[in-house]
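Put together the whole structure using the sequences plus the hints.
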Amino acid sequence: AQKVTQAQTEISVVEKEDVTLDCVYETRDTTYYLFWYKQPPSGELVFLIRRNSFDEQNEISGRYSWNFQKSTSSFNFTITASQVVDSAVYFCALHDRGSTLGRLYFGRGTQLTVWP
Amino acid sequence: GAGVSQSPSNKVTEKGKDVELRCDPISGHTALYWYRQSLGQGLEFLIYFQGNSAPDKSGLPSDRFSAERTGGSVSTLTIQRTQQEDSAVYLCASSLLMQASGGVADTQYFGPGTRLTVL
Chain A
55 AQKVTQAQTE ISVVEKEDVT LDCVYETRDT TYYLFWYKQP PSGELVFLIR RNSFDEQNEI
115 SGRYSWNFQK STSSFNFTIT ASQVVDSAVY FCALHDRGST LGRLYFGRGT QLTVWP
Chain B
95 GAGVSQSPSN KVTEKGKDVE LRCDPISGHT ALYWYRQSLG QGLEFLIYFQ GNSAPDKSGL
155 PSDRFSAERT GGSVSTLTIQ RTQQEDSAVY LCASSLLMQA SGGVADTQYF GPGTRLTVL
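Residue numbers (my numbering), protein chains in the order written: chain A, 55 to 170; chain B, 95 to 213.
Hints are supplied without guarantee of correctness; some may be wrong.
What the hints assert, rightly or not - Within a straight-line C-alpha distance of at most 35 Å, the following computed DSBU-like cross-link-like pairs (lysine-lysine) qualify:
id : chain 1 : residue 1 : chain 2 : residue 2
1  : A       : K92       : A       : K57
2  : B       : K151      : A       : K57
3  : B       : K105      : A       : K124
4  : B       : K111      : A       : K92
5  : B       : K105      : A       : K57
6  : B       : K105      : A       : K92
7  : A       : K124      : A       : K70
8  : B       : K151      : A       : K92
9  : A       : K92       : B       : K109
Derived from the structure by calculation, the hints contain no laboratory data.
As structure tokens, this is what we get:
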């Protein structure tokens, strides 16, 4: 069973629109960590945020914001006033007590295309 | 400071040949990870190192794959007798501490990857 589900395979928006990328995770642990990474066309995975399960405060960083809701096992990512440079594949990932070998469980990613 | 570096950035090889992929982690990072990204398979975990030790190699897809790390720094992923299904982007990541089960999950920082094409 997938531990991290990103149901949106592709999203297209026009510049300046707001867009939300969904992430639903599955774990039985009370201690876990969630991550978002961005993969632009250059291919390198860029770390965006890490959140532990004990901190449900939403976070805002410039045009980026994250909504963590344990009740629905979701960790959604919103880009406000999107820009062409936001075009990339975005991955949500989970580390929990079952994460042997130090691995991260990644979702399949959401391809975001922002049109000018 | 410098991030994770990988070489080569692209590698084209013929089926049956051996290839070596190199990863240079961020200085001071004790943990190193290899992942594979291929179309339709997403990001697949291969192996991790804590120092020079790889406690479990069961993530490697076959016995044609091996990895080593020397001096607690550079790591090499070797694929012997390459097959077309080995074509993928191989990503390396490093973190300051090992993400021990139940412990603090330190952030993994990724390199640019090596795109391997097996003809």
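Results for each hint:
no. : hint               : result
1   : A:K92 with A:K57   : holds, 19 Å
2   : B:K151 with A:K57  : holds, 21 Å
3   : B:K105 with A:K124 : violated, 43 Å
4   : B:K111 with A:K92  : holds, 33 Å
5   : B:K105 with A:K57  : holds, 32 Å
6   : B:K105 with A:K92  : holds, 24 Å
7   : A:K124 with A:K70  : holds, 29 Å
8   : B:K151 with A:K92  : holds, 27 Å
9   : A:K92 with B:K109  : holds, 32 Å
Violated hint for the displayed structure: number 3, the only one.
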